[in-house]
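Make the full structure from the sequences, and use the hints.
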Amino acid sequence: MVSRPTPSGSFPYSQPPGSGRSDATSEGGADDPGAETDQVRESGGLGTIPVRQIGGSAGPWRPDRTGASGQAGTSGRAGTGGGADGGVATGWPGASQRPGVFGEPGAQGRPAGQARPGVPSGTGRKSGGLLMRIGDIPIRVAYSLGAAVITGVIVVLIFILFSGDEPSDPVGARRSAAPTAQPSPSVSPITLPALPDTTALKALPGTPSVVLGAVTDAKSAVTYASLGKPWVAKAVPSFSVGQQVGSAGLPRTVIASGPLPGATPAKPLKSDADYRKAALSAVKWTIRNHHPEGGKVTWTASQRLATGKGWVLAYRVTYQVKGKERTSRAALAVIDIGRRKPSVLFVTVPDTRKRLWADIAPVMASVRAL
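If you read the sequence shown in this note's numbering, its first letter stands for residue 1, the second for the next number, and so on.
If a hint is listed, it holds; no wrong ones were tucked in.
Cut-off 20 Å, straight-line C-alpha distance, at most; resulting in silico cross-link-like pairs (PhoX-like, lysine-lysine):
no.: 1; residue 1: Lys296; residue 2: Lys324
no.: 2; residue 1: Lys277; residue 2: Lys309
no.: 3; residue 1: Lys324; residue 2: Lys354
no.: 4; residue 1: Lys341; residue 2: Lys284
no.: 5; residue 1: Lys277; residue 2: Lys341
no.: 6; residue 1: Lys296; residue 2: Lys284
no.: 7; residue 1: Lys322; residue 2: Lys296
no.: 8; residue 1: Lys341; residue 2: Lys270
no.: 9; residue 1: Lys202; residue 2: Lys354
no.: 10; residue 1: Lys219; residue 2: Lys309
no.: 11; residue 1: Lys234; residue 2: Lys219
no.: 12; residue 1: Lys341; residue 2: Lys219
no.: 13; residue 1: Lys296; residue 2: Lys277
no.: 14; residue 1: Lys267; residue 2: Lys309
no.: 15; residue 1: Lys267; residue 2: Lys277
no.: 16; residue 1: Lys354; residue 2: Lys296
no.: 17; residue 1: Lys341; residue 2: Lys309
no.: 18; residue 1: Lys229; residue 2: Lys354
no.: 19; residue 1: Lys270; residue 2: Lys309
no.: 20; residue 1: Lys341; residue 2: Lys267
Across the chosen pairs, the derived CB separations fall in these ranges:
no.: 21; residue 1: Gly308; residue 2: Gly249; range: 31 to 41 Å
no.: 22; residue 1: Pro265; residue 2: Asn289; range: 13 to 23 Å
no.: 23; residue 1: Arg340; residue 2: Ser247; range: 32 to 42 Å
no.: 24; residue 1: Thr307; residue 2: Ala358; range: 18 to 28 Å
no.: 25; residue 1: Thr198; residue 2: Pro362; range: 13 to 23 Å
no.: 26; residue 1: Gly294; residue 2: Ala214; range: 32 to 42 Å
no.: 27; residue 1: Pro237; residue 2: Val321; range: 11 to 21 Å
no.: 28; residue 1: Gly338; residue 2: Asp197; range: 22 to 32 Å
no.: 29; residue 1: Pro268; residue 2: Gly294; range: 32 to 42 Å
The hints are simulated quantities; they were obtained by calculation from the structure and are not laboratory data. Every residue, glycine too, gets a C-beta built ideally from N, C-alpha and C.
See the structure below:
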């Protein structure tokens with residue numbers, strides 16, 4: 001390639017001062033082949049500088065790292081401050097105006113990280129940088145983000161689809177679901193008339209039943225007469241041993257024994273008054289549990305137990321059955337068995353079986369502690 005005439009002071013063709021190289025021509029005026037080759041690479045125009053910077057024989061071009069402008073590198077070439085890297089030194093005249101990579105003027109003369117003149121810091125190819133950043137995201141992170149988005153969409157859809165199942169008044173629903181305290185059923189008090197003075201139990205009219213033997217109640221520690229037909233041995237609610245006629249419905253026809261209903265007395269029963277008080281409490285319990293509701297009591301007897309320590313109360317109970325007034329005859333004995341809690345013997349017969357009223361007095365007279 002033939003060398004062109006070099007205008008005076010032109011950068012591509014002028015040698016930097018102090019480079020140590022001779023002119024492109026020899027003393028005889030002949031062209032120096034080596035100089036021509038380098039001159040072509042140096043002066044090929046703007047298009048050849050990137051070629052020299054990117055793929056030149058001296059390696060990629062970069063500014064002088066030593067910071068000494070205008071000094072020759074180790075390669076011995078004029079104006080190269082980086083030595084073997086072959087870059088253009090910052091000390092060259094017009095180096096800061098030398099076209100850079102991609103045609104940016106003065107790029108080679110700027111320190112690293114310094115913004116291009118006239119361009120605000122932080123600006124640039126934003127769209128390209130964003131795309132590069134997106135491209136740098138690992139595929140695992142991308143899958144994770146996608147799965148999170150899909151999960152969120154599914155949750156929202158489920159909430160929308162099933163939101164109609166909620167009650168219109170959730171607060172009211174919670175209140176209604178809360179258990180409400182049920183009022184305890186009111187129990188009408190049993191009112192009994194005052195006990196009469198000591199009154200003996202008398203035999204009532206009727207036909208007494210045949211006595212078959214004795215009933216032994218081991219749990220209650222008492223014994224008394226066992227009657228024949230129509231009486232049959234049968235379990236009676238709330239008692240340990242019993243005999244019964246007919247069904248268990250109210251009003252009942254029963255003879256039964258068992259421990260004194262309720263709690264054990266706080267103090268041992270000693271006097272007649274103690275046993276009479278215990279008998280009065282037991283009668284209230286029988287009115288509530290073994291006679292039709294609303295019964296009224298009339299005392300017929302109040303006496304000491306004939307066969308031991310205790311007390312006997314006899315009474316008449318009046319009540320309504322299907323709008324008609326009905327009556328039962330009954331008696332209850334409290335028996336001392338040598339324990340803190342005494343035992344009881346209870347007999348009741350409604351007016352539908354009046355002939356069995358004659359069994360009440362004999363049974364009460366037969367009871368004794370084991």
